[in-house]
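Sequence order for the protein chains is X and H.
Counting from 1, one number per residue, gives the positions in the first sequence under the working numbering.
Counting from 1, one number per residue, gives the positions in the second sequence under the working numbering.
Bear in mind the hints are in silico, worked out from the structure with no lab data behind them.
Check before you lean on any hint, since a few could be wrong.
It does not matter which identical chain is used: a pair holds within one copy or between any two.
[Stated by the list, open to error] Below, a list of computed lysine to any residue pairs in the SDA-like style, where the Cα atoms sit at most 25 angstroms apart:
| id | residue 1 | residue 2 |
| --- | --- | --- |
| 1 | K305 | P273 |
| 2 | K50 | D169 |
| 3 | K102 | K341 |
| 4 | K426 | Q254 |
| 5 | K255 | R420 |
Here is what each chain is made of, one letter per residue.
Protein chains: 2
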Amino acid sequence: MLTKEKGVCTKFVQEFFMKNLKGACILGQSGGPTSVINASACGVFLEALKHDLITDIYGASHGIRGILNEELIDIRQENIEELELLKTTPSSSIGSVRYKLKDPSIDDTDYKRILEVFKKYNIRYFFYNGGNDSMDTCNKISKFMQKSGYECNCIGIPKTIDNDLVMTDHTPGFGSAAKYIATTMMELSQDACVYDTPMICVCEIMGRNAGWLTAASALATYKGFGPDLIYLPEVVFDFDKFINDVEECYKKNQKVLIAVSEGVKTKDGKYIPEALGEMAKDSFGHAQLGGTAQILADKLKNHFKCKVRAIEFNLMQRCAQHLASQVDVNEAFNAGSMAVKYSLDGITDKMVSFKRVLVDGKYTCEYELVDLSLVANDEKKVPLEWINENKNGLNEKFIAYAMPLIQGDMKAPLEDGLPRFAKLKKILANTNR
Amino acid sequence: MLTKEKGVCTKFVQEFFMKNLKGACILGQSGGPTSVINASACGVFLEALKHDLITDIYGASHGIRGILNEELIDIRQENIEELELLKTTPSSSIGSVRYKLKDPSIDDTDYKRILEVFKKYNIRYFFYNGGNDSMDTCNKISKFMQKSGYECNCIGIPKTIDNDLVMTDHTPGFGSAAKYIATTMMELSQDACVYDTPMICVCEIMGRNAGWLTAASALATYKGFGPDLIYLPEVVFDFDKFINDVEECYKKNQKVLIAVSEGVKTKDGKYIPEALGEMAKDSFGHAQLGGTAQILADKLKNHFKCKVRAIEFNLMQRCAQHLASQVDVNEAFNAGSMAVKYSLDGITDKMVSFKRVLVDGKYTCEYELVDLSLVANDEKKVPLEWINENKNGLNEKFIAYAMPLIQGDMKAPLEDGLPRFAKLKKILANTNR
């Protein structure tokens with residue numbers, strides 16, 4: 001009993017202490033761009049500016065590397081108008097990174113350096129915005145701080161167009177990318193059928209293991225202007241079935257629009273460029289993988305002897321802020337501001353997660369917390385029961401899931417007919433202290 | 001004197017007659033899609049509906065081929081709400097075609113067939129919407145009708161994202177494509193610089209002979225978020241100079257964003273895939289040309305040993321109605337309605353052309369007329385004095401020219417967060433008459 005009471009007492013003292021931490025906060029952006037990463041940054045910075053407990057506000061230049069290199073952008077020196085414009089500025093304005101921290105039990109050099117920098121700048125609030133790799137980074141840093149006895153509330157903010165994070169209904173960035181993909185598919189369906197000659201068009205969409213983004217093209221089909229066939233990495237790709245599927249559609253009016261994930265694999269577990277492509281070699285003799293869409297288009301051209309186009313949605317699908325979903329922008333912003341609020345409440349070692357709640361049948365989002373360790377390095381795929389019987393499209397369950405996430409428009413204000421993005425000064429904090 | 005007076009008299013009678021022609025009108029859409037071709041169709045149809053002289057209103061299914069095949073869409077059977085939605089529906093809703101009429105002095109079969117169909121349906125107003133090839137078609141039909149003594153007012157309506165028509169300040173479709181290219185370039189500039197590692201990105205933009213679209217990427221540079229280097233087909237492409245240009249930019253921060261026209265040619269007059277690509281062969285042994293951006297990206301990768309991305313703007317640049325310029329949509333609509341008004345005034349054998357007029361320094365557009373024969377088969381290029389000294393960018397003259405054309409937003413109304421495009425019934429006119 002005594003132990004337990006002592007435990008409770010210690011926990012109380014610790015929580016009280018963690019709750020009234022006075023110090024600086026820092027945000028790091030990590031992983032691939034989305035249209036709304038900066039909306040989360042905007043949420044963090046504007047919320048942090050409201051609280052006296054938070055002294056300095058830093059942006060880590062290029063995520064964790066900015067901390068290791070002691071390159072901390074002093075956010076208090078930015079104009080508030082520019083910080084507000086971050087809400088509608090795509091990509092990562094303070095710079096992103098792909099950096100995997102080592103297991104601290106094997107090599108804790110980076111962790112010690114991070115602790116050193118945190119101590120030097122009295123950083124007591126650490127926010128890390130990214131996908132599952134980034135949540136792993138956040139989790140490792142959080143655990144190291146705890147182990148070191150350094151009070152610092154660490155909160156992960158989800159982000160990824162791939163929508164593959166577990167323990168959250170969806171991720172910020174997905175709704176806007178889905179809106180881009182569905183809208184673009186609708187437009188392409190108008191373009192691809194314009195002539196009275198046969199036409200097959202293969203569109204390649206991002207997503208190495210999870211097919212959420214490719215599935216979003218089904219929203220266009222649902223509206224009557226979308227792809228005839230959709231292939232996700234969740235289903236083994238069979239080339240003969242693919243040709244049969246296309247033939248079925250081709251019979252109707254010689255127009256076929258196809259959406260395919262870059263991540264589809266054959267039954268041998270090979271990506272299309274490995275399985276079907278003629279691998280070119282670069283000057284070093286390295287194999288160069290062609291695009292999935294281009295390889296499939298070439299195969300279809302040989303089979304159907306008609307015009308076949310390959311289209312890669314490429315980087316546009318992850319940075320087309322002009323097509324951002326209002327729901328997505330607002331949720332990303334809220335994820336950032338909630339992270340600050342929770343951290344000031346003494347919360348640490350958690351990721352902000354999204355819970356879908358229907359109020360009178362209307363979609364709303366609530367912001368909950370999940371253990372970082374449960375999110376790190378896991379991934380969520382499209383449920384197989386949301387895929388149609390023919391394994392080449394999505395059913396109404398996916399539509400019901402995705403449709404609320406693409407609602408509304410929230411793009412950057414226009415200046416001269418073009419987006420007015422945030423222009424940050426990015427003045428680094430003085431390292432002499 | 002008598003002859004001259006007789007001539008004047010005949011002209012008067014003829015004009016009076018041409019002015020009070022009672023009969024059907026027909027619109028054909030021809031050539032590659034733009035975001036605003038249907039806005040011109042909307043202008044034609046809504047204007048035609050206002051006038052008692054115009055009996056039936058037809059849309060030629062797939063342009064001139066619809067006339068030859070006697071597939072005439074009966075526009076009076078469409079819902080007015082759907083016709084209004086054409087204003088913000090991309091591509092060619094009644095179907096486009098690439099069909100080149102023969103010289104009538106060599107083979108007038110098609111012309112006779114067209115005349116036959118015109119007579120059968122009492123078509124007295126012919127509108128053809130397209131680029132320079134289509135204006136050639138319109139010109140040939142116009143001349144044949146005149147020669148045959150069949151009264152039919154023929155008016156061309158300009159259209160092309162390429163902006164390469166002569167005798168007009170600009171063409172409908174260019175402004176929206178330019179806005180797409182500039183906006184997308186701004187977004188890509190945010191994406192391409194996100195990591196702290198070197199990155200070169202080569203974007204390929206449409207335009208086989210004229211560089212207007214590629215030049216539009218300079219609008220992004222003007223706003224501070226655009227390509228560092230821009231290569232137009234108006235300038236001979238020199239690979240060594242290209243590498244030097246990239247090296248100059250690369251020195252600064254190892255981030256280079258490049259816009260290149262698919263139409264750039266080396267001094268031998270070869271396109272990049274011919275000059276630098278390793279031409280693959282398809283199963284028939286035909287040479288397959290790779291993309292210009294991909295080939296240049298591969299060369300840069302070998303030279304700089306860093307990450308290099310190739311991005312093709314592909315079909316999106318010509319059908320991204322969600323980024324349509326309001327100026328462009330309205331001008332395209334007006335070009336259509338003015339064509340109807342002019343034709344009812346007895347005008348024939350002309351194309352509606354755009355004249356830029358500055359009123360108190362503010363851009364406005366006036367709708368004039370030019371002879372079809374002057375427009376047909378000619379093309380307008382970017383003036384060399386609008387290109388910078390280094391031949392890898394545009395100067396302020398281009399910015400002043402292009403900026404007014406991309407102003408304002410006019411996209412399709414949203415339904416479920418996605419565009420609501422026109423849905424036409426496309427009921428064909430009864431061929432038994």
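Hints breached by this structure: Of the numbered hints given earlier, those the structure breaks are 2, 3, listed in rising order.
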